[in-house]
Structure formats: C-alpha cells, structure tokens
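As you go down the protein sequences, you meet chains W, U and B in turn.
Take the first sequence: its letters are residues 435 to 763, numbered as in this note's numbering.
Take the second sequence: its letters are residues 198 to 661, numbered as in this note's numbering.
Take the third sequence: its letters are residues 403 to 667, numbered as in this note's numbering.
Any given hint could turn out to be false.
[Stated by the list, open to error] With a straight-line cut-off of 30 Å between C-alpha atoms, the simulated DSS-like cross-links for lysine-lysine are: (1) U:420 with U:302; (2) B:582 with U:325; (3) B:597 with U:360; (4) U:503 with B:482; (5) W:697 with U:302; (6) W:757 with B:509; (7) B:417 with U:325; (8) B:560 with W:507; (9) U:555 with U:537; (10) U:464 with B:582.
Please keep in mind that the hints were generated in silico from the structure rather than gathered at the bench.
Residue-level listing of the chains:
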Amino acid sequence: MGSECGVLVFAEQENGEIHNVVYELLGKGRELANRLNKMLCAVLLGFGLEEKSRELIYYGADRVYLFDHPSLKNFDVIRYKHNIVKLVNEVKPDIFLIGATRMGRSLAPRIAAALRTGLTADCVDLDLDDEGNLVQIRPAFSGNIMAQIRTRTRPQMATVRYRMMKPLSRNPNRTGEIVRMETEFLENSGIEILDRVSASGVNLSEADIIVAAGRGLKSPEDLKLIEEVANLLGGVVGASRPLVDAGWIGREHQVGFSGNTVKPKVYIAFGISGSPQHLFGMRDSDIIIAVNKDPSASIINFSDYYVIGDLYEIIPPLIRELKRARGVG
Amino acid sequence: MPLHNNALLDVAEEIERIVGERWVITQRDFIESYLKDETPEPIRPKPADNLILVKPSSTSEVSLILKIANEMKIPVFPVGGRTGLVGGSIPTKPGIILSLERMNKIEVDRENLMAVAEAGATLGDLIKAAEDAGLFFPPHPGDEGAQIGGLIATNAGGARAIKYGVIRNYVRGLEVVLPTGDILSLGGKLLKNNTGYDLMQIIIGSEGTLCVITKAVIRLFPKSKYMVTLIIPFNSRSDAMRTVPQILRSGVIPLAIEYVQLKEIMKAAEHLNDNWPVQKGFAQLIIILDGVSQEEVLLACEELSKICESNNAIDIMIAEAPEEQNRILRIRSNIYTALKPDMIDILDVTVPPNSLEKLMDEVDAIAAKYGVYLPTYGHAGDGNLHVHIMKEGMKDMDMADAIKNEIYSAAVKLGGVITGEHGIGKLRFKNLSLVLSEKHMEIMRGIKRVFDPNNILNPREILF
Amino acid sequence: MNIIVLMKQVPEIEKVRFDYEKGRLDRSSAGAVTNPFDLNALEAAVQIKERAGGSVTAISMGPMQAIEMLRDALARGADKAILLSDERFAGADTLATAYTLATAIKKLGAFDLVICGEKTVDGDTAQVGPEVAEFLGIPHAAYVEEIREINAKWIVVKARMEQSDYILKLSLPALITVTKDINVPRLPTLRDKLKAMRAPITIWTYDDLSQVADQKYFGFEGSPTRVIKVFTPVTGGRRGQMISGSPEEIAAKIVHILRENKILG
Ligand SMILES: Cc1cc2nc3c(=O)[nH]c(=O)nc-3n(C[C@H](O)[C@H](O)[C@H](O)COP(=O)(O)OP(=O)(O)OC[C@H]3O[C@@H](n4cnc5c(N)ncnc54)[C@H](O)[C@@H]3O)c2cc1C
Ligand SMILES: Cc1cc2nc3c(=O)[nH]c(=O)nc-3n(C[C@H](O)[C@H](O)[C@H](O)COP(=O)(O)OP(=O)(O)OC[C@H]3O[C@@H](n4cnc5c(N)ncnc54)[C@H](O)[C@@H]3O)c2cc1C
Ligand SMILES: Cc1cc2nc3c(=O)[nH]c(=O)nc-3n(C[C@H](O)[C@H](O)[C@H](O)COP(=O)(O)OP(=O)(O)OC[C@H]3O[C@@H](n4cnc5c(N)ncnc54)[C@H](O)[C@@H]3O)c2cc1C
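Model the full assembly from the supplied sequences, consistent with the hints where possible.
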C-alpha cells in the first residue's frame, strides 16, 4: 500500500451521528484506493467525536483526519469549508467524495470553487479508467438521462447519492490512524445558527422509499403493518384515496391526481388496484413492487415486480426478513 | 326474474372459456371498486349483490360474451373509468360488469389527424398519445381517468368545448357490439358522410343502453403553437357574467371560459396542498386561449382585456409557462373532489349562454329561500352551470330534492335542459318529463327495443 | 435593498424526448421556459422589495433567446435584467458558470442579497449557487424554505436539511438558494407582460467582463469537468416480473430485490 492519500471521504455527521452514506462512500473509496494503490482517508469535523472516528476505520478508512472543536459542533458551511480546504491543500488527494445529502451539496461546491476544481453532482456510480482517472456517472435532466463525466483538475470531486454504493461490513479489528488536526477557529463566519429543530411532517414528494396501502387493507389498525415496513426501510407511508377519504390516514399521505406526485426509488403498493388517478401520482417511480390478490388488477401491468397474493400473508414474513436484514430482533 | 347465483356462476364458467380464468372475477373483494362511480354518496344508487366482473381483451370476446348474456337474458353493465356523476355505470341488477380496461390501444394517424382508440384507453392516454405524435386533443371533458368508451357513451363536454365543441364533434367512427353479439362498424376516417341514418350519432350519448362501444376514430388537431391561461378576478358575479357573452361576440374564440368563485377554488387548492395563484375578488373567469404565435395570442389577450376592464375586472393575470397552466387546470379540476365529502348532488343544468347570469340569480334566490349554501361554478362559455347541493343546512333528502327540482324548473324556464354533460344515468329519470315530451320518450323506447330486444344492456325500466 | 436573482432558461422537461435506443435527447418539441425554482427565487426577491424597498436585478447567462425569459422576469416584478451572452461563455460547467455570474455581480457594484433556485431541472447539479457565494466571498444558505426576517445588516432564514431545519442568521451581503416551498410565484398581470415585451434588456458580452476577470476561467476552456457522453437509463417499459412462492419465499425475494437495488444495506 502506498503512503499518500488517494481517496478522501467527507464524514458527514449530525448530532454526533455519522450519516450512513459515509460508510457507503468508504466502501467505494476502499475499492478505488486499492486500485490506485493508495490510502483511503476520511475527514471528520465536529466536537467530542474521538470515539466515532474509530467507526470510520472499522468501515474501511486507513486514516481519519479529525477536527475536534466546539465551533464545528454544528454544520457551519464556512467553518467546515475553511478547514477542509486547508486539509485538501496539504494532503492533495486524487479523489474527494462527499455524500450528496443536502449538507454535502451545500458544502461541496464551496470547497470546489475555493480549490478551483471540478465537481460532479449526485453521482450514482464511480469507476476508474485505464489511466486511473475517475469516471463519474450521474443522472441529469431530472433523472431522464445519465451522463458520464471526467474531471481535468485535482482533486476530482464528486457528491454521491445515498443508497448507491455498498458499505463494507463493520470490522472492529481493522486498524488505522487517527490524526488530530489543528482547527483554525473563525470567530465570525457570517453565519449564526440560531436554532436547529427536527424537521417535521411527511414529505412524500421527496421521499426515496414509499410503502403505500390501498383498499386491500381491512381496517385502519392494519396501517401499523404498513408503517412498520416503511420504518424498517427508512421510508414513508403512502395511501390511495379511499383510505384518505375514510379518514384512516391524513391527506398529506395521498398519492395521485388529487394528492401528491411522487418519484421514489422504490414504491411498494399493497392492495392498490392501480387506477389511472393513482398511477398519475406514482408512475415515475424507479421501481414499483405491487402486492395484490387479484391477478387482473391493472397495477400489475405497471409494476417491475408483482406478487399475486394476500398482503396479510406476505407482510408478517416480510417484516421478519427486514428485521433480520437490518440486524434487529 | 331474479338471477340465481348458480346461473351466474355457470355463465362465469362459460365466459372463462372465452376470456381466460384470470379475467373473470367473482370474488366480491376484487369487484368492490367497480360497484360505484364518482356520484356523491347520498344519492348514489346501490349496487346489486350478485355480480361478476369480466375483462375481455378484444371485440370478438365482447361479442361472444354479449351473445351468451342475451341468450340467457342476463343484464350486462358496461363500465368505463367510473368517473360518471349520475350512477350510469353502477350495476343495479344482478349480472355481468363488463370492463374494457384491457382494450386500451391507441394508434395515431398523423396524416389524417385521427386517432383510432380502443374503448378502454383513458382520456389521459389519448391526450398523451396525441401529444407524443405532435398533435392535440383539445377538449378536456372531465377527469383524465375517464375512458374513451365512457366519454362517448356520455357525450362528455368539459372545459375546453367553446372552440371545438363536445366529444360528439370529435367522433368520426365507431366500432360497437350490439346486445345480440353483432359487431357494427360506423363511419370512419371521414370528415363528411351522408350515407343513411346516422346511427353513430344516436349511440354517442346513449350511456351504455344501446350497445357496447369497443373502438372509436377520434379527430385530432395540430398542436397549438402557443397557449396561455388568463385568470381575471371580479368583485361581483354579475361583472364576471356580463363579460362572457361580450367575449363570445368579440371575434376572439377562446378554448375555454370557466367561471369559479374564490372560496371554492381556494378550497380545491388547499385540498391539493397547493395555493391558488390569484387570491383576489369574489368571482373569477379562467380563460384559455391558443394560437399560432405569441404575438397573435397576446393581441387577442389585449382585445379581451378591454372587454374585461370595461366590466370592472380587478386585474388580468396571465400564465404562460406550461407548468403554471397545468397547475391551474389541475386545481380547477379538483373543485368537485374537494367539495365532494360535504355534497349531496352535483347538477349540470345548461341554458343559452346569455341566460347564465339569470340562472345564477335564480339559484341564489333558491338558496336564500331554503337558507342553504349552493356553491356554483361552470363552463360559462357554454351556459353550463354546476350547482352543488351541499349537506350543510339540509334538513333531509326531501329538501334536497325540492331544491333540485326548483333549479331544474328555473333552467327549463330559461330555455335550458336539466343536464348538459353528465347525462341521465340512473338518477335523472324522474325529471325527464320536464324536458322531453311523451312522444320523444316513445321514440327513445322504440330505439332501445330495436337495439336491445331483451333489455339486457344497462337496463332501466323507463327506457323499455 | 439591492437584490440579485440568478435565473436560467431550461427546456420544458416534460416535452424533451429521450431516445432510449440511441441514447440521445431531442429538444425540438420542447419550448424554453424559466427554470421553475428560479421563479420562486424571483418571487422571494420581489416580496422582500415590497417589504423593504430597493430593487431587483435578474441576471442570466445563456444564449440570446433567454431575453424572453428575462422579459418575463420584468413582468413579474424585476426592475432590471442583464443577459450574459457570448459564444466564449458557452460550454461552461458549474465552476465556469458561477465564475462568470460572480464576475457580473461584482461589476454591478454594491448588492445585499443574491437569490438562486435550489437547482435546475436540466443540469440538475445545485452547485452554481454555493460556488457563486464562494467566488463572491460571502456566506450562503442552501435549501431555504422561509425568510423570517431581513434588514440592512442580516437575514434570518429557515433552511431544510434532511433531518433538521436550521434557523440561520446570515450577515449581508449573502446568498441563498430557495426551494419550491418558499412561496407561490405570482402570475404577472397582462399589462405588465405587454409592457415587458418592449422593455430593453442589458447584454454583457465577453468583452464587457474580461476587463474585470481572468478570461481563462470563462466558458469551455475554464471548465474542469467534461461531459464525455450521455446515455439513457434502460427503463422504457416496466419489467413486470412475477414473484412467487410461499409467503416466506416471497418475503425473502422482496428483500433480495431491495438489496440488489441498494434500498437495503
Ligand atoms: C377526480 C378523481 C381524482 C382521484 N384522485 C385520486 C388520487 O389522488 N389518488 C388515488 O389513489 N385515487 C384517486 N382517485 C380514485 C381512484 O379512481 C380509485 O378509486 C382509487 O385509486 C382506488 O383505490 P385502491 O386501489 O386503494 O382501491 P381499489 O380499487 O378498491 O383496489 C383495492 C385493491 O386491493 C386488492 N386487495 C384486496 N384485498 C387484498 C389483500 N388482502 N391482499 C392484497 N390485495 C388485496 C384488490 O384486489 C384491489 O385490486 C380519484 C378519482 C377521481 C375520479
Ligand atoms: C372531477 C370530475 C370532473 C368531471 N368533469 C366533467 C366535465 O367537465 N364534463 C363532462 O361531460 N363530464 C365530466 N365528468 C363526468 C365524467 O367524467 C364523464 O361523464 C365521463 O365521460 C365518464 O366516463 P367514464 O369512462 O368514467 O364512464 P363511466 O362513469 O364508467 O360510465 C358512464 C356511462 O357510460 C357507459 N359506458 C362506459 N363505457 C362504455 C362503453 N365502452 N360502451 C358503452 N357504454 C359505456 C356506462 O355504462 C355509463 O352509463 C366529471 C367527473 C369528475 C369526477
Ligand atoms: C448532462 C449534463 C451533466 C452535467 N453535469 C455537471 C456536473 O456534474 N458538474 C458540473 O460542474 N457541471 C455539469 N454540467 C454543466 C452544467 O449543467 C452547466 O454548467 C449549467 O450551466 C449550470 O449548472 P446547473 O444547470 O446544474 O445549475 P444549478 O447549479 O443546478 O443551478 C442552481 C441555480 O443557479 C442559478 N443558475 C444556474 N445556471 C445559471 C445561469 N446560466 N444563469 C443564471 N443563473 C444560473 C439558478 O438560480 C439556478 O436555480 C452538466 C451538464 C450536462 C448537460
């Protein structure tokens, strides 16, 4: 293994919790660094995160640059940028990956502009060409096309979409180095965080995962089953109009012509027949999975995967499988 | 004679041999959504208990099914998108529900500006197919989930009928299956045709009582190069209403002139978690204009603006971006849905366009007399008014009925009819005599017997 | 209060045809419209102006046909519009775009606030705003859903991140990018629309900006990223695959599909 930093990963954290996308980036970054025969590094900014920085090593980092300072506790884009730019100028990685979360997409362009380097947005795939240049694949035109992008400058920066790369499994025996960095404290960044509140309310139109139910549901209590599947997948609950009209669930959950238009990565429809009005709201989903008892239901023609069967028989084992997959219960 | 469950199951087996087991549905759970349409719940007819649902895939399958039903005198209920508002597709007798949803192919003939659409294709499918071919289907006769068969069977009208008319004006040819199983082909890709009685025109608007429509040739238009939507708020209804006939006389022919009231349109927007873009005035006109260039259309807008201003329009707002125009149409299309939970009935009385204001005054007087709220909006350019009879303040169904009858009488007195778009369905029989003479009814019954001697198609006593 | 709004003209995305076989896109049937988020940006600016006074300047970089969009911006309440148009600006990636826009803003002189859309519907990167802020050396907040307070010295906004809402106070001058939730763009009146049809639009070319900037950062030459090729994801029709078996087998297969598609770790 070489000694220089080939790939640098920004370790996004909020409330001291590292975002899952970081582990995915470490998974991909590990592969790229190995192919480049260089080190995989991560940069973590925050306060009181010594413990957490180990996790980054367990998930594949060779070295973690830790900026541990009260002024970095919360995300201040100017203070973060300032310290990261200094680091990048020192360690000169070939590749710098940042999660395409809202935080990442606010921070990365500032860093790129400060470094005067290219930045590719919201990548869904990364590869190396024969010369070791980064090949970046990203959707554009609102997801209708894919573009392959190369960067002429160094570092080659990219933000990478969540749930696109595979993390390595956590290995507490993996070793690495934690480098405590001197934080340059900016007294006045021009930004003051007055408050931070947990975002409330469902936002179907931006959800990545929607688990929806229709009139195949027999009683409002059964929505708990749907909720449980949604929670296990980190998704939100959607519904067809009859459930909303019956008052089983709030209107903000309705998908369709007179409800929300959604475009998740996966839409799972339990007991929904697929009326044109419902399809209007979800037909642009990446993957549609339908569970319906009736083989003649029209949603089946609009699905990527379908199950002809009773949702009440499918959901309980599905919940068990999901729990197992997530290592709970 | 009441139909025996066993008899129906026997038929089901026979039909399974025609369409395949998967497409004959007998389990009530799966049929549930075919038992109602969009008619408000308080007046919606009750479906029968004993029903099977059949989804054929071709005209010849439809023909075989009808032959069997006719032989065994089993009622057949053709259903479309079930967006009807008068219970027309509700299977009120034991029998067969016939859904053509699998017959949904559309072919566009660009050279002749026509689409050949199977009856189960939806309005949304047709709009999209036309657009994909660089053409345009101008009317917007209601919900986009309605099917071609349903639109033709009800001769639907809708918002954009001023410039090019209702569905009837678009249908150039039909393929239909008679209750006896005979397949009939009428008209074609023709713009002129004077060969014999025009049976096609009788079938358009026959509400599934004469035959099953399986295919239609539909006229399309070149895409308008440029389209805008105007929203014009007024402080009073009479200001808005007075404007409409003046526009119709001005030489500018809009695609649509819609009348809405701020209260209801805001409610529709709220229902969609959206906002209505113009929150001014009491009443508003929504006008859609198209043309070949921006200059042409904006010139027409200027012409209209003079008329509107002379009638005290507060402002004239213009939406140009397609996204904004679509949003306006979507909110407008959801007024009904937003009001529906509190509604008893929706009327679609129609009068000569210049009498619309008088009709609205009458409606106001009726509302005041009964002390109820009767929200109205309508296709103002067509003299077509939607009056909603709401639950609020209604003592009982008799009172609702009385109000409805008074509104009908008012419309007829003004030279109008009781239904301009939704049709008779299973709700408006009682009031037919207000408009149709006994002789007229007799001829209608005669026609029904010729087409459907055993009265199996969407049977309604009054027609037989 | 001097407010600058950055606006981009984009193809009408619903009308762009994507040829899934050849991997090409055909914009011929698509008209050009204002990037929808930029209408929210303009509306936010006009609302601030209505409250606090001042002026709103719309700036766009693009081909001459973007004049149409800027006229529409005038009808919707902008006081002035500037188009940066020159062949030598063409082919810019976000870095070069941001640099060019920042140069124009500097050339304009004093300003208090720059407002951008959250992203565009074509390039779809959401990078131009923060990059402009960096070139101008001012603080920024992205994904702003609400402007709570603004005065001559600072602005308080609510910015939405995935997990939390941040209430941020930025000292002016600053830049914000706004989401669709911030407001409902008003419709222009017909009168303003007609008036704007004849309004002059200032056009700045390469030569107007090259005196105040380093030319090597403009356009294609100044762009570090290169689009090598575009292709269309293989969607087209749906796969329509049946999943069968016992409920347990079906559940396992669904989980497998979710894994394959990285919905599940
Ligand atoms: C103007 C207008 C606007 C509308 N807007 C909307 C809208 O925004 N959103 C919307 O959703 N609808 C809307 N609708 C209503 C729409 O037409 C349909 O009525 C509705 O979508 C049907 O909902 P559903 O699929 O849940 O119910 P159904 O059509 O009744 O379907 C229920 C399905 O569940 C299946 N099922 C039953 N039991 C089970 C079981 N145990 N396991 C598995 N499957 C089972 C059945 O086979 C059936 O296919 C609108 C309609 C109109 C006219
Ligand atoms: C929100 C909303 C807005 C609406 N706006 C309008 C409007 O602006 N203008 C307007 O005119 N209507 C409007 N409607 C009413 C309705 O959309 C129309 O009547 C529509 O034409 C019905 O089509 P459908 O496919 O849903 O038919 P259905 O409701 O399923 O059936 C209607 C009738 O047609 C018959 N039928 C259906 N298919 C066939 C077939 N293949 N062969 C023979 N008979 C058949 C049925 O038996 C029934 O009698 C609106 C409805 C809603 C819910
Ligand atoms: C398929 C494809 C993929 C691309 N991928 C990348 C990439 O990964 N990285 C990269 O650097 N470039 C990329 N580009 C180039 C990029 O699209 C252009 O530089 C574009 O001009 C600006 O980026 P955007 O459209 O993504 O804007 P965004 O950054 O999404 O725009 C945000 C806001 O900035 C303002 N704004 C943006 N452009 C202008 C303008 N021209 N005039 C005025 N205001 C403006 C608007 O307020 C807008 O709402 C790509 C181009 C294509 C065609």
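Hey, residue 555 (chain U) versus residue 537 (chain U), does the alpha-carbon distance stay inside 30 Å? holds, 26 Å
Take the C-alpha atoms of residue 697 (chain W) and residue 302 (chain U), compute the straight-line distance between them, and say whether it is at most 30 Å. holds, 26 Å
Distance restraint between residue 420 (chain U) and residue 302 (chain U), which requires alpha-carbon spacing of 30 Å or less: Distance ~21 Å between residue 420 (chain U) and residue 302 (chain U) Cα, so the pair holds.
Is it true that the CA of residue 464 (chain U) sits at most 30 Å from the CA of residue 582 (chain B)? holds, 21 Å
Proposed proximity, residue 325 (chain U) with residue 582 (chain B) (alpha carbon, max 30 Å): holds, 26 Å
Between the alpha carbons of residue 560 (chain B) and residue 507 (chain W), is the straight-line distance 30 Å or under? Distance ~19 Å between residue 560 (chain B) and residue 507 (chain W) Cα, so the pair holds.
Under the criterion that the straight-line Cα-Cα distance not exceed 30 Å, is the pair residue 597 (chain B), residue 360 (chain U) satisfied? holds, 29 Å
Are residue 503 (chain U) and residue 482 (chain B) close enough, with their CA atoms no more than 30 Å apart? Since the Cα atoms of residue 503 (chain U) and residue 482 (chain B) sit roughly 28 Å apart, the hinted pair holds (cutoff 30 Å).
Does residue 417 (chain B) pair with residue 325 (chain U) here, judged by a C-alpha cut-off of 30 Å? holds, 11 Å
Between residue 757 (chain W) and residue 509 (chain B), is the straight-line Cα distance small enough, at 30 Å or below? violated, 59 Å
The structure shown violates just one earlier hint, number 6.
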